[in-house]
Amino acid sequence: MLDESAELSVSITQIVQRLKGTHLHSQLEKQAKECLHKPEIKLETLKDDVRRLLKASGWERKLQNAVYRELHILPPPRHPRAPPEHTKEPLAYMRKAQVNWEKRILKSLNSMCTELGIPLARKRPVPEQNELTNKWNEMGTDEPDLSKFRPVYAPKDFLEVLVGLKNPNNERSEDLTVRSHWGLIQVSLNVRDIPQTREMYPELGLTYGQLGIDDHTHVPPDLFESEHIHIGKKVVSEHDSAAAQQYSRQGCPTGLRAQLWSLILNTTDDPEAITHYEQLKARVIHHDLLVDNLIYKDVKLTASNDDYYFVFEDYLYQVLLCFSRDTAVLEHFNYNCATPPKSCIQSKSGSEQCAVVYPPNGVIPFHGFSMYVAPLCFLYNEPSKLYSVFREMYIRYFFRLHSVSSHPSGIVSLCLQFERLLQTHLPQLFYHLREIGAQPLRIAFKWIVRAFSGYLSTDQLLLLWDRILGYDSLEIVAVLAAAVFAFRAENLMEVTSLASAEAVLADLSTLKVMPLLQIFLFATSV
Amino acid sequence: MSAKAVSCTIKSPVALQIGDASVNVTSIQEISIKNYYTVYLTVCLQRREDGSAKWVTCLRNYCLMSNPNAEAGSHDYFSIYRQQSFLLYLGFEMLLEPDNVTTGRLFCYCYLKDSERGVPVWLSPLTPVEEPLDLNGLPDPETVSSSIQQMWALTEIIQASQTAASIGRFDVEGSYDVKLLSHP
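Chains as they are written, first to last, in the numbering used here: chain A, 1 to 526; chain B, 1001 to 1184.
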């Protein structure tokens, strides 16, 4: 086991290093200096007095929240002999699979750009820049010809990559034993079963109140809802990230959710954040990228066709186009084993070749990517705020849904957990679906990759995402996928083809997620 | 049900010769290994005591993979330290002082994939192959172990400072004429 004090000192050093030079650091210094003018400061107890004043004025809390945020994205501790790629992903065969997948994507992008004769990036001529500035708030009214663009990949292509993952050390025999994989995922990762999941999610248990269950119209509000809202208001006024995260495990009230998520993700309304967003917008105006067309196409194909989200089309462009140009996103490659695509360009003086990342944020959008942003539009109508929240959610959670890794919240673990839960608790159903050629993961994969965005009704989706934030894990998505199959098990046992199985599970818009999760986790006999 | 014989291969072990053969005495401070699907590790050292060489077990059945049927720990790096206070990165204490050491053996225990067949396959010692442990260029182990925590903190700072500064700009002198993408 790790020596705790050694690990702690390394973590502290890393976090201090990261916070040094940030806007918060300079604000704290400024506040501390201003404290010196106060009459209650005494020279003999200078340090303690300044600390006390900073605590009273709320600055200590801001620092705590910043440290808490850093803890969420701190890379795991490194053995001194381990190379950096090992820390991001210890299994060599998964790293290799990720590299091969990335090469395929690049090839596809390169050939698209060659076939269409469109450059990957170009500087916009001034008239075009002006035009775009004028219609920034209504980019959705444009009807550009996107017919020649195709998405670089769709979730089902990525599923084939995951299905093909094999541990080279594991010689697979042909005969089925008890431990054989019935499902599509053929690697053995440690995933939680129901008893272990119960331990991880105790607040979802039958003895705890939940938003999504105990706020139903026929339940008197004084039983749970009123008190929960009262506590929520207190959490918001305390500006405490950790408390907000704990609180959201039982759901966020609609009126407080935007503030609570912002607290949990430590996104601020600082002028700094607004300036950063304006800078990104300026970059969108100056340069046109090929991936912009992919974003347009994706929004037109997915969010614009969705009853809940089509009204937010303009917001989605404003967020996603800026997201592509945000080099701050590159930091997440410190703990993501994916590698951003690169290219060499000649410097203007012609003297040297420089490597640049493309797109600037290193993330190539795929079919359905805009659905990570769409639900957030219900919470934030200020573009810079919407942007900050989305970016933080992407670098904490969503990136794990489309890269190959063995992380417990990674897509491979989630798929395996889904299959194992189903195989263990509904073996008859699993076997039946397998026999009719309807492997459950083929149906559930699209839900998992999008964390159910676009499949559940929005209020239900937000209740689910409350718990993703509350427990700092995507595992709940896998559990919900299994719970959905459990709920529709009777109908699924009657079907005789993949198409009919898909039809049974096509419409999830009437599902209530919290009762489903509670029944599956706490009312299933194990 | 009659038992079914399973064929297996027993590989010859690789013995680790520690230090110069002519100079018998070596104190071990650290053993580092990179795992590849070993579940349990036992470390034996041959010590020279009172003129005779004796094999002693200094670490028995340390678990490297908590679940032999899952991947966790299968590719990880581990370190074994002599002192209790330096339990780092899944390192652990040796049962006795690894002084006067000449040769070492690591016994690696793995599980067959189907645990119904039960018995772990383990490597048995056969004729050792001489392979000296390279300590060239390393500083005195005593000073290293006493300052190891500080060194690690320093290493982490250096690594962190390489990525801390966000440049922000993605273009080169205003130009971003990306032609073709390549995988780094």
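Note that these hints are calculated values from the structure, not bench results. Watch out, some of these pointers could steer you wrong.
Here are the computed lysine-lysine pairs in the DSS-like style, where the Cα-Cα straight-line distance is at most 25 Å [unchecked claim]:
#1 A:Lys123 - B:Lys1034
#2 B:Lys1179 - A:Lys103
#3 A:Lys297 - B:Lys1179
#4 A:Lys107 - B:Lys1179
#5 A:Lys281 - B:Lys1179
#6 A:Lys96 - B:Lys1034
When the structure is checked against the list of hints, which entries are broken? Sort them ascending.
The structure conflicts with hint 1 only, although it agrees with all the remaining ones.
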